[in-house]
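Asks: If you want the building blocks of each chain, they are given just below.
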Amino acid sequence: MKNKRALFAVPYVVWMAIIVVIPILIMAVYSITTEEGQLTTENFTGMGLYLSVFTRSFWLAIIATVISLLIGYPVAYWMSKEGPGFQRVAMALIMLPMWINFLLRTYAWMSILENNGLLNQLFQVLGIIKLYNAVTGQNIEYFQMIRTPGAVVLGMVYNYISFMILPIYSVLSKLDHSLVEAAQDLGADSFEVFRRVILPLSLPGVLSGVTMVFVPAVSTFAISRLLGGGTEMMLGDLIENQFLGGAYNPHLGAAISMVMMVIVLVCMVVMNHFGEGEEQAVML
Amino acid sequence: MPKELIQLRDCVMQYGDDVILDHINLYINDKEFLTLLGPSGCGKTTTLRIIGGFLSPTSGDVLFDGTRINDVPPYKRMVNTVFQRYALFPHLNVFENVAFGLRMGETVIGEGNARYKKKIPESEIQKRVLEMLEVVNLKGFEKRSITALSGGQQQRVAIARALVNRPKVLLLDEPLGALDMRLRKDMQIELKRIQQEMEITFIYVTHDQEEALAMSDTVVVMDGGKIQQIGTPEDIYNEPKNAFVADFIGESNIIDGIMRADGVVEIFNRKFQCLDKGFGKDEPVDVVIRPEDIDIVAEDQGQLKGTVTSVTFKGVHYDTIVDFYGFKWLIQTTDFCPEGSRIGIKIDPDGFHVMKKSKYSGMFGDYSSYSEEYDEINDPTLLDQAEEEGTDDEE
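In the order they appear, the protein sequences are chains A and B.
Once you know that position 26 of the first sequence is 26 in my numbering, the rest is easy, because the numbers rise by one and skip nothing.
Once you know that position 168 of the second sequence is 168 in my numbering, the rest is easy, because the numbers rise by one and skip nothing.
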């Protein structure tokens, strides 16, 4: 053996094989067989039924990713500009929610967004609903927030935005300040410095942030179930339904999973190619 | 009388109680090669950053061509900088790095000193970048990636990137610090050539006295946030103002002396003839004797007699350490004197340089601990420690 230390990697490699590679293979087999064990392509050809679920999933995930980027980039930029004390506090505030269970956080949003939830109560107290009724001539008792696509997107952004901020922040905070000075020296005002130096050099962080938000967002089922209330079925829900739910059909579930995986992979490859040469980009 | 292009008037730079620059007055002529020379933390980089616009002095004025520019941001100054570690843009190729400044447009000073940017047509950008790459001997490298270049090539790109904007002044912050000895010497000659060809002012920061002497029209020696001496390289070497300058520029034996009369200096209770005048009678002084100005003669013919304590062969000459009455001198001579031998020395009157006493008296010029000092000089890690003066600029 060339490197004896490679031995230490063996447990992880074995672990990966057992929990990643083998399940994928099993799924692949499931996706091309029927319940009776015969080969079939039906699982794939019959998937057209669910086209709307695919588009909705990708569409909502893309919106959530874009919003995360638009909010997360300025936050990361601002953090990287401040002193180390501020950076530590900001980092703690970003990490803190992640220590709370994902489901609990999402349940919390439910009680905020519900028709008689915190927000609607607040609107009531502030008279905003009355105002709305007066202005529009309608007669609503609450704003419908839960069980809307917006709530799902909100849940995704809330849950995944730290995965956007952290890689961008990490790239920006390591950015050589003398490059900024060099650009200023060469006549670039702050906008040009950002456009021509900071933004292109932070692309690797943006790419990994986008990946890390998009991938979990496109496959989520808890968020869409809790905040979308089942009206906004997404790929995750569909797959879960095939394995654990009423529509029990693991073969179809496996096929949908495979298709989703391939689409996500293709997206990632295209994106990483777009940031060519930026090998730092984390590929998930 | 050449035109004064840049003036620093009574500039002070202070962070809390830390005085980085202590009332600096500096006038820089058009088309001159001026070097700010000094050890780490002497304020030379801070001075450069003030001229570049990255720092604003706590008090004092910066004038460019007669106009106060304290509040003009870097991107509107007609000054360009070659940064210490080049600061080339890693995401752009050689051509785009050099073209960066041109794409930002040209700074034009309009009426009432208003500064605005004028766009440069693409065809002119092409032409000027290619021309400049030729000047720095990088023709054909346009499409190369920055990371694929050697240190010397990156250095040239950095110089081209700054010069292509046709600045009135080029600021260079230890630009050769990261290069090896050989390349350094080549680049010194090249820089001097470029400066003369382009006919612009270079302000050069370095801690390397040889570099300063070889390239500059004017050398500004700094220490402790103060200018110690301004002069031509010859002035600085031959007529150092105090023990710090004498020690920092070249090797020096610095001895306590007393000025007995004009042209007569006393060291080791012996009177010597010298050329210096204008000191008070019996005034205590520092006397500098350069190692190469000392002739070794037979013991009985010497003005002073001593014992050789160490000899090092240096190629052109021997570094000979001689003990005179407990004080060790460095003598550079082509004559070999074995360790332990008794010798005499002779010094011509122009070999003495007499300086007024200063706060640096007694701190330098003793070769008792020669070997340690020598190690220090030759230890590249000590020289390469980047100076950390001046924190980031405030936005």
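If you're looking for bench data, these hints aren't it; they were derived computationally from the structure.
Since the structure is predicted, the reported quantities are computational estimates derived from the model, not experimental observations.
A couple of the hints might just be wrong.
Here are the simulated lysine-lysine pairs, DSS-like style, with alpha carbons at most 30 Å apart [said to hold, decoys possible]:
| no. | chain 1 | residue 1 | chain 2 | residue 2 |
| --- | --- | --- | --- | --- |
| 1 | B | LYS76 | A | LYS174 |
| 2 | B | LYS139 | B | LYS118 |
| 3 | B | LYS314 | B | LYS281 |
| 4 | B | LYS117 | B | LYS127 |
| 5 | A | LYS81 | B | LYS357 |
| 6 | B | LYS76 | B | LYS127 |
| 7 | A | LYS81 | B | LYS117 |
| 8 | B | LYS281 | B | LYS76 |
| 9 | B | LYS226 | B | LYS357 |
| 10 | B | LYS143 | B | LYS117 |
| 11 | B | LYS143 | A | LYS174 |
Asks: Does each hint hold? Answer for all of them.
Replies: Hints, one by one, checked against the model:
This hinted pair checks out: LYS76/B and LYS174/A have alpha carbons roughly 27 Å apart, not beyond 30 Å. Between LYS139/B and LYS118/B the alpha-carbon distance is near 27 Å, which keeps this suggested pair within the 30 Å criterion. Proposed proximity of LYS314/B and LYS281/B is contradicted: the alpha carbons are some 41 Å apart, above 30 Å. Pair hint LYS117/B plus LYS127/B holds up; C-alpha atoms about 20 Å apart against a cutoff of 30 Å.
The straight-line distance between the Cα atoms of LYS81/A and LYS357/B is roughly 48 Å, outside the 30 Å bound, and the hint therefore fails. In summary, the hint linking LYS76/B to LYS127/B is supported, as the alpha carbons are separated by about 23 Å, within the 30 Å threshold. Proximity of LYS81/A to LYS117/B is assessed by CA-CA distance (about 27 Å); at most 30 Å being required, the pair is judged to hold. Straight-line distance between C-alpha atoms of LYS281/B and LYS76/B comes to about 55 Å, which puts the hinted pair past the 30 Å bound.
Our distance criterion of 30 Å between C-alpha atoms is met by LYS226/B and LYS357/B, whose separation comes to about 17 Å. As the CA atoms of LYS143/B and LYS117/B are separated by approximately 27 Å, the hinted pair is consistent with the 30 Å bound. Proposed proximity of LYS143/B and LYS174/A is supported: the alpha carbons are some 27 Å apart, at most 30 Å.
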